[in-house]
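Colleague: Listed below, chain by chain, are the residues.
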Amino acid sequence: MIYCNLKPLKHVKGLQNNMWAIACHTLYKVKEPAFVLLLFVGALLAWFTKDMGCISLIGEGIHRDNILIGTVIILSFGVVVALLVGATEIPKDMDANMIAIFLGKSLKREAYILGKVIGVAILIVSCSGFWLTLLLLSRYCFTFDNAIEAMSFVDICSQYFSLLLLLPVCALAICTSCLFGDLGAMIFSFIYMGCSLLVSIVPYILKIVPKPINYILEIPYYLVPNVMYFVSSLDVIGFLYLVMYALVIGMCFVLIAQNVFNKAEL
Amino acid sequence: MVIKRKVISLFTLMLFFFLYLVAERGLRTQVYDNAQLNSFDYRKTMEMLPEFLRIALEHQVLLVEKRKNVNNAKGDAKIKAMYILADEYGLGINFSDLMLQITQDSKLRNSKYASRAWLHVLKGKSDKNVLAIYLQYLHSIKKATHTDLIDLFKSGLQLAPFAEEEVKLKYYLNMAKNNLIDKTLIDAYEDFVLLSFKDANIKQIAEKYLKASKDDLLQFEASQARKRATK
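One line per chain: the protein sequences are A and B, in this order.
In this text, residue positions in the first sequence follow the numbering used here: the first is 1, and each later residue adds one.
In this text, residue positions in the second sequence follow the numbering used here: the first is 1, and each later residue adds one.
Treat the hints with caution; some may be incorrect.
[To be verified] The calculated lysine-lysine pairs, modelled on DSBU-like cross-linking and capped at a C-alpha distance of 35 Å, are:
| id | chain 1 | residue 1 | chain 2 | residue 2 |
| --- | --- | --- | --- | --- |
| 1 | A | K108 | B | K6 |
| 2 | A | K211 | A | K29 |
| 3 | A | K50 | A | K29 |
| 4 | B | K6 | A | K263 |
| 5 | A | K108 | A | K31 |
| 6 | A | K105 | A | K29 |
| 7 | A | K92 | A | K263 |
| 8 | B | K170 | A | K92 |
| 9 | A | K211 | A | K108 |
| 10 | B | K6 | A | K105 |
| 11 | A | K31 | A | K263 |
| 12 | B | K170 | A | K105 |
| 13 | A | K31 | A | K50 |
| 14 | A | K29 | A | K92 |
| 15 | B | K4 | A | K108 |
| 16 | A | K105 | A | K92 |
| 17 | B | K4 | A | K263 |
No wet-lab data here; the hints were simulated from the structure.
Treat the numbers as computed from the prediction; the structure is a model and nothing was measured.
Extracted from the complex, chain A is given alone in its bound form:
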């Protein structure tokens, strides 16, 4: 069993001290038949959502409507897949005693965690990117209301930048899988992501409520990522902020995971 699992690792150079090797090992999940089925389901989603319009988050008159509904659906599907895949990664390695082999080859625990996060993130982001490309292509080829003409280069970039949400989600999934078992990690991650959906209305509430309640509401707001930022239209500086936001949150989860994993008895 262990030998079978290690087989793909032979093709990866510098296994001993390289987190990329762990990332590449995670990427071998692509060869599983279930994953091909997943790709097919995502492609179907892209096909069926190609005719849908854009989301208007606030209302008419405000230029906030360049994110496609199809993008949001694909992104949601990507989040679900990321949570399902990421939450099972480390518990699966532990169950198969793979982790002992990895760490026995003088691989640092921090590198292992980071490698896992990077591997899952590459996997999920590339899959979601593939679905999104399919969506845009099918929209371009088969939608006859000149919908694609209304989409500028910035609009198309916005669709792809929304995939940045998957970085913190992957890190969250890996982080929770260090804290709990695979099932517990999935449940906790889904609840956490639900909270991050709810928290997107907090800035609106903050404008209405008086000052002292403001500060109470700000505390939970900073504890979860705001999903709204990833499905909003932004300018160039906004995109930079978004990249920074996603990376910082992702790194926070990675740091927590590393801290927990370092203290764990394996």
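Once you have looked at the hints, place chain B on chain A.
Modeller: Here is chain B on its own, set in the frame of chain A:
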């Protein structure tokens, strides 16, 4: 060595927190505090909400009052116009304008004047010719909805000053509620008209009144001006 590592960790944590705050603030400015939203201050709006509501309500009351006044003026003008036209055509006015008013208001679904007219009808001020005209309008009245008739009689009951009229209105209301009003009324009026006014030139008079009912306010003013000129 341990202290150095802890300091570095703390420094990294603070750096991350700072970067997070910077990114979050920048994004919040773009997403939540954009130009359109800045022009609309929620807190200020909430503070001013009672004032807004008061102004809106006052405005609404003024609008309703104005509409009411306009409707009253229009109604009065219609009645006056019909009186003048009835004089011009040499017809009795006691009953004619009121019957026309019923037909018009049934069409307009405005039961206020209709109920007023019904009261006059119930007082027994009738005119031969206009009953004949009313016969012409019966089919359009027949088209008036069931609920309209009920509303009409109900509002008539509210206005009824005499016990005898109240009894009659209650009777009509019951008939309307039981879907009998159209048939009963039409039958009654048809019999009455056919028996009493066999020789009346119904069609001619009806055309005159139809014309009069179409040009209400403008014609009223024109006729008034004409009347003033002749005087």
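Colleague: For a quick check of understanding: which of the numbered hints are violated here, in increasing order?
Modeller: 2, 8, 9 and 12
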